[in-house]
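Colleague: Spelled out from the first residue to the last, the chains are:
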Amino acid sequence: MTDWIEACAADDVDEEDVIRFDHEGRTFAIYRSPDDEYFATDGLCTHEKVHLADGLVMDDIIECPKHNGRFNYKTGAAKGAPVCVNLKTYPVKVEAGMVMIQLS
Amino acid sequence: MGDHGAVIVGAGECGARAAFALREEGYAGPITLLGAERHLPYERPPLSKDGMSADAPGIKTIAEASRYESAAIRLMLSTEVASIDRARKSLNLGDGTTLPYETLLLATGARPRLLSLADTSRHCLYLRTHDDAGLIAARLGSGPRVIIIGGGFIGLELAASARGRGCDVTVLEALPRLLARAVPEGIAAVLADAHLRNGVDIRFGATIAAIEDKDSGVEVRLGDGSVLQADLCIIGIGAIPNVELAERAGLATDNGICVDETLRTNDPAIFAAGDCCSFPLSIYGGRRVRLEAWRNAQEQGTLAAGNMLGRHAAHASVPWFWSDQYDLTIQIAGLADEGRTTIRRNMGEDAFILFHLADDGRLVAASGIGRGNAVARDIRLAEMLIARSARPVADKLADAEIKLKSLLAA
Numbered sequence: 001m002t003d004w005i006e007a008c009a010a011d012d013v014d015e016e017d018v019i020r021f022d023h024e025g026r027t028f029a030i031y032r033s034p035d036d037e038y039f040a041t042d043g044l045c046t047h048e049k050v051h052l053a054d055g056l057v058m059d060d061i062i063e064c065p066k067h068n069g070r071f072n073y074k075t076g077a078a079k080g081a082p083v084c085v086n087l088k089t090y091p092v093k094v095e096a097g098m099v100m101i102q103l104s
Numbered sequence: 001m002g003d004h005g006a007v008i009v010g011a012g013e014c015g016a017r018a019a020f021a022l023r024e025e026g027y028a029g030p031i032t033l034l035g036a037e038r039h040l041p042y043e044r045p046p047l048s049k050d051g052m053s054a055d056a057p058g059i060k061t062i063a064e065a066s067r068y069e070s071a072a073i074r075l076m077l078s079t080e081v082a083s084i085d086r087a088r089k090s091l092n093l094g095d096g097t098t099l100p101y102e103t104l105l106l107a108t109g110a111r112p113r114l115l116s117l118a119d120t121s122r123h124c125l126y127l128r129t130h131d132d133a134g135l136i137a138a139r140l141g142s143g144p145r146v147i148i149i150g151g152g153f154i155g156l157e158l159a160a161s162a163r164g165r166g167c168d169v170t171v172l173e174a175l176p177r178l179l180a181r182a183v184p185e186g187i188a189a190v191l192a193d194a195h196l197r198n199g200v201d202i203r204f205g206a207t208i209a210a211i212e213d214k215d216s217g218v219e220v221r222l223g224d225g226s227v228l229q230a231d232l233c234i235i236g237i238g239a240i241p242n243v244e245l246a247e248r249a250g251l252a253t254d255n256g257i258c259v260d261e262t263l264r265t266n267d268p269a270i271f272a273a274g275d276c277c278s279f280p281l282s283i284y285g286g287r288r289v290r291l292e293a294w295r296n297a298q299e300q301g302t303l304a305a306g307n308m309l310g311r312h313a314a315h316a317s318v319p320w321f322w323s324d325q326y327d328l329t330i331q332i333a334g335l336a337d338e339g340r341t342t343i344r345r346n347m348g349e350d351a352f353i354l355f356h357l358a359d360d361g362r363l364v365a366a367s368g369i370g371r372g373n374a375v376a377r378d379i380r381l382a383e384m385l386i387a388r389s390a391r392p393v394a395d396k397l398a399d400a401e402i403k404l405k406s407l408l409a410a
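Chains R and D, in that order, are what the protein sequence lines are.
In this text, residue positions in the first sequence follow this note's numbering: the first is 1, and each later residue adds one.
In this text, residue positions in the second sequence follow this note's numbering: the first is 1, and each later residue adds one.
Treat the hints with care, as some may be off.
As the list claims (entries may be wrong) - Using 30 Å as the maximum straight-line C-alpha spacing, the simulated DSS-like pairs for lysine-lysine come out as follows:
# : chain 1 : residue 1 : chain 2 : residue 2
1 : R       : Lys88     : D       : Lys396
2 : R       : Lys93     : D       : Lys60
3 : R       : Lys79     : R       : Lys49
As the list claims (entries may be wrong) - Some chain R residues near chain D, calculated using beta-carbon distances under 10 Å:
#  : residue
4  : Asp14
5  : Asp17
6  : Asp35
7  : Glu48
8  : His51
9  : Met58
10 : Cys64
11 : Asn68
Simulated from the structure, these hints should not be mistaken for lab results.
Glycine included, each C-beta is placed from N, C-alpha and C at the ideal position.
Go ahead and model the full structure; you've got the sequences and the hints to work with.
Modeller: Structure follows, in structure tokens:
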């Protein structure tokens with residue numbers, strides 16, 4: 001499976017911000033970085049399954065709204081307590097003003 | 001640091017984080033983490049929340065046993081510390097053995113304040129540990145009548161959890177409103193309303209005159225003469241810092257083990273962090289506080305670890321805590337009592353934030369309530385504004401159309 005899925009319009013996401021995208025029972029977080037690139041990760045924090053899209057994006061970090069667990073949303077790397085499990089990331093491309101993510 | 005290494009007394013959030021932080025900071029010597037409980041260090045916040053949703057609560061460990069092994073952290077559980085011999089730099093343990101240290105961290109936490117009227121009752125319980133939670137959760141299963149003494153966070157979270165289990169719940173609060181110590185009135189009122197809508201009977205201004213076990217449960221007599229019967233009574237009337245070990249060793253205490261801004265006690269080899277310590281809060285001009293909060297325990301554990309290795313870093317965080325009750329979450333950054341003026345920002349769907357400003361216009365605290373994580377992002381941004389001693393324009397704080405992030409850039 002290497003399907004590209006349409007997640008949202010490119011301008012649905014503000015710069016240095018994140019939105020939630022649900023697809024077939026799964027939930028994802030779609031990010032737009034301060035340098036105007038798009039990224040996608042699993043939507044739930046690996047600590048307590050909280051929606052990361054309610055969290056704060058600062059540079060390349062997403063911070064969980066519940067307990068401030070931090071991840072680099074470009075790589076999925078967990079950045080310290082209380083999170084210790086990395087976040088899964090997905091390939092992203094922008095075509096015709098739409099953000100597409102590749103689920104595998 | 002010499003061969004005796006780092007010893008940490010107290011294996012809660014603070015102690016466990018400190019142990020890992022010592023390794024993450026590059027320390028290669030021995031690390032010993034001493035815990036009084038028999039369990040691997042675990043997260044306490046769920047105990048009053050999800051932990052009450054079934055008869056036998058699960059345990060959310062901070063790290064698996066293998067992580068302590070791979071970090072070469074010696075974990076000594078079910079271990080009591082009898083005294084500190086500061087002259088010898090060594091601990092006397094409950095089993096008669098001694099344990100030397102080069103540097104020591106006291107992360108002894110706090111314990112529930114006891115209600116002496118309840119001393120002989122078999123039906124009055126307190127919540128601090130996983131084992132306490134197990135006892136309470138098992139008894140909620142029979143759908144009993146529950147009296148909760150104390151309308152603080154523990155009491156209210158337990159009230160919501162007990163309603164979720166179908167219990168009949170009465171909350172007895174001594175003051176005229178809930179959460180008087182830590183939460184502004186506007187938010188406490190929303191919480192009180194949520195409890196009433198969910199069927200909790202809250203009695204304000206309630207004083208306890210007597211508690212007596214009966215054949216069928218427990219009877220609580222109030223100061224106004226009324227008598228309440230229940231199967232179970234849970235007491236949540238605050239916590240007392242565990243300072244006795246420090247006191248007996250001659251360390252200074254003042255509502256907690258006194259530390260400086262680097263979390264060092266008056267003995268340069270001994271640090272204290274988390275619920276047990278009182279420390280100067282730099283963002284409020286060095287006001288001495290003691291915080292009973294998960295994030296503070298974590299941050300101070302990490303900070304103390306670095307300072308045990310000679311970093312001399314000062315604590316500069318903004319206090320932050322949260323509570324979950326029903327579908328509502330409150331989050332508070334800063335200490336609201338530092339403020340003189342309050343600005344309200346409505347966030348839709350009953351969510352709102354109160355910003356607390358000092359006389360000189362500094363943002364000193366922000367308190368929010370809403371469903372799920374409706375206020376989380378803005379409380380986090382407010383925390384950053386507070387840390388910078390920002391003086392945001394009141395109209396902008398009140399206007400939900402203006403992103404708080406834009407004020408941060410200003």
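Colleague: Given the proposed pairing of Lys93 (chain R) with Lys60 (chain D), does the C-alpha separation stay at or below 30 Å?
Modeller: Cα-Cα ~38 Å, so violated.
Colleague: Measuring from the C-beta of Met58 (chain R) to each C-beta in chain D, is the shortest one below 10 Å?
Modeller: The hint holds - Met58 (chain R) has a Cβ within 10 Å of chain D, the shortest such distance being about 9 Å.
Colleague: Is the interface hint satisfied for Asp14 (chain R)? The criterion is a beta-carbon contact with chain D at less than 10 Å.
Modeller: 8 Å, holds
Colleague: With chain D as the partner, please determine if Asn68 (chain R) meets the hint condition of a C-beta pair closer than 10 Å.
Modeller: With a closest approach of 7 Å, the Asn68 (chain R) hint holds.
Colleague: Closer than 10 Å between Cβ atoms is the bar; does His51 (chain R) clear it against chain D? Give me holds or violated.
Modeller: 7 Å, holds
Colleague: Given the hinted pair Lys88 (chain R) and Lys396 (chain D), is their Cα-Cα distance within 30 Å?
Modeller: Answer violated: Lys88 (chain R) to Lys396 (chain D) is near 37 Å, above 30 Å.
Colleague: Answer holds if the nearest beta-carbon of chain D is closer than 10 Å to that of Cys64 (chain R); otherwise answer violated.
Modeller: 9 Å, holds
Colleague: Against chain D, run the beta carbon of Asp35 (chain R) and see if the smallest gap drops under 10 Å.
Modeller: Interface hint status for Asp35 (chain R): violated (16 Å vs cutoff 10 Å).
Colleague: Using Cβ atoms only, decide whether Glu48 (chain R) comes closer than 10 Å to chain D, and label the hint accordingly.
Modeller: Nearest chain D Cβ about 9 Å off; hint holds.
Colleague: Are the Cα positions of Lys79 (chain R) and Lys49 (chain R) separated by 30 Å at most?
Modeller: Holds, at about 17 Å.
Colleague: Should the hint that Asp17 (chain R) touches chain D count as held when the rule is a Cβ pair under 10 Å?
Modeller: Holds. Min distance 9 Å.
Violation of the numbered hints given earlier is confined to hints 1, 2, 6; the remaining hints are satisfied by the structure.
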